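There are 2 protein chains.
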Amino acid sequence: MYYKHQIFFCLNERKPGEDSCALVGAQAGFDHCKSRIKSAGLAGPGGIRVNKAGCLDRCAGGPVAVVYPDETWYTYVDKSDIDEIVDSHLVGGKPVERLLLPPDVGR
Amino acid sequence: MYYKHQIFFCLNERKPGEDSCALVGAQAGFDHCKSRIKSAGLAGPGGIRVNKAGCLDRCAGGPVAVVYPDETWYTYVDKSDIDEIVDSHLVGGKPVERLLLPPDVGR
Numbered sequence: 009m010y011y012k013h014q015i016f017f018c019l020n021e022r023k024p025g026e027d028s029c030a031l032v033g034a035q036a037g038f039d040h041c042k043s044r045i046k047s048a049g050l051a052g053p054g055g056i057r058v059n060k061a062g063c064l065d066r067c068a069g070g071p072v073a074v075v076y077p078d079e080t081w082y083t084y085v086d087k088s089d090i091d092e093i094v095d096s097h098l099v100g101g102k103p104v105e106r107l108l109l110p111p112d113v114g115r
Numbered sequence: 009m010y011y012k013h014q015i016f017f018c019l020n021e022r023k024p025g026e027d028s029c030a031l032v033g034a035q036a037g038f039d040h041c042k043s044r045i046k047s048a049g050l051a052g053p054g055g056i057r058v059n060k061a062g063c064l065d066r067c068a069g070g071p072v073a074v075v076y077p078d079e080t081w082y083t084y085v086d087k088s089d090i091d092e093i094v095d096s097h098l099v100g101g102k103p104v105e106r107l108l109l110p111p112d113v114g115r
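Protein chains in written order, with my numbering: chain A, 9 to 115; chain B, 9 to 115.
Read the hints as simulated data drawn from the structure, not as lab findings.
No experiment lies behind these values; they were computed from the predicted model shown.
Be careful, since some hints might not be right.
Any copy, or any two copies together, can satisfy a pair, since identical chains are not distinguished.
For lysine to aspartate or glutamate, the following EDC-like pairs were computed, each having C-alpha atoms within a straight-line distance of at most 16 Å [stated by the list, open to error]:
#, residue 1, residue 2
1, 12, 89
2, 46, 65
3, 23, 86
4, 87, 65
5, 42, 65
6, 12, 65
7, 23, 79
8, 12, 79
9, 42, 95
10, 87, 26
11, 12, 78
12, 42, 105
13, 87, 21
14, 46, 79
15, 46, 21
16, 42, 89
17, 42, 21
18, 46, 105
19, 102, 65
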């Protein structure tokens with residue numbers, strides 16, 4: 009194991025008229041998560057990596073993020089959602105049920 | 009499980025003088041992998057997602073890619089390395105030992 013958890017945020021911007029994580033707050037979610045993990049001293053090898061990603065191809069549920077190796081997919085709205093993912097899942101190891109991306113959500 | 013395997017390629021370009029996946033063939037590796045998976049009809053839910061990523065913070069071993077949920081880290085040089093990762097690991101389920109990123113390689 010290199011990272012305990014690696015969370016990938018889609019930051020992709022699609023064409024006008026298409027669902028697009030970048031247009032519904034993805035950068036703010038990523039920035040907040042990155043900042044929370046860094047200030048908690050949890051970043052780096054053996055800890056948590058907050059990662060930028062291109063399109064994860066589940067755009068209809070955006071903004072989306074995925075936590076690996078747990079393979080847990082999230083949809084979030086605001087900073088408090090990110091706080092809950094950080095505190096409960098990334099730090100506490102317990103997935104946040106209410107923010108799970110439904111399994112049938114695709115592009 | 010949404011994807012059987014999701015492989016993330018670092019495409020990040022760092023400052024001049026720093027190790028940087030973008031300057032050592034990352035885009036070509038990504039493009040070749042994406043093309044191979046697509047032409048094999050393996051892309052999409054239940055199959056394989058070839059994903060762009062920002063810095064994975066293991067720059068000293070670049071270009072790097074990571075396969076999840078397997079949590080397998082690779083360093084590669086050329087298209088034939090990518091072919092081997094596709095055929096052996098992504099399709100066949102068997103990691104390519106000779107391309108594994110050593111565990112102590114960081115930024």
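Starting from the hint list further up, note which numbers the structure goes against and sort them upward.
Failing hints, ascending: 1, 3, 4, 7, 10, 12, 13, 14, 15, 17, 18, 19.
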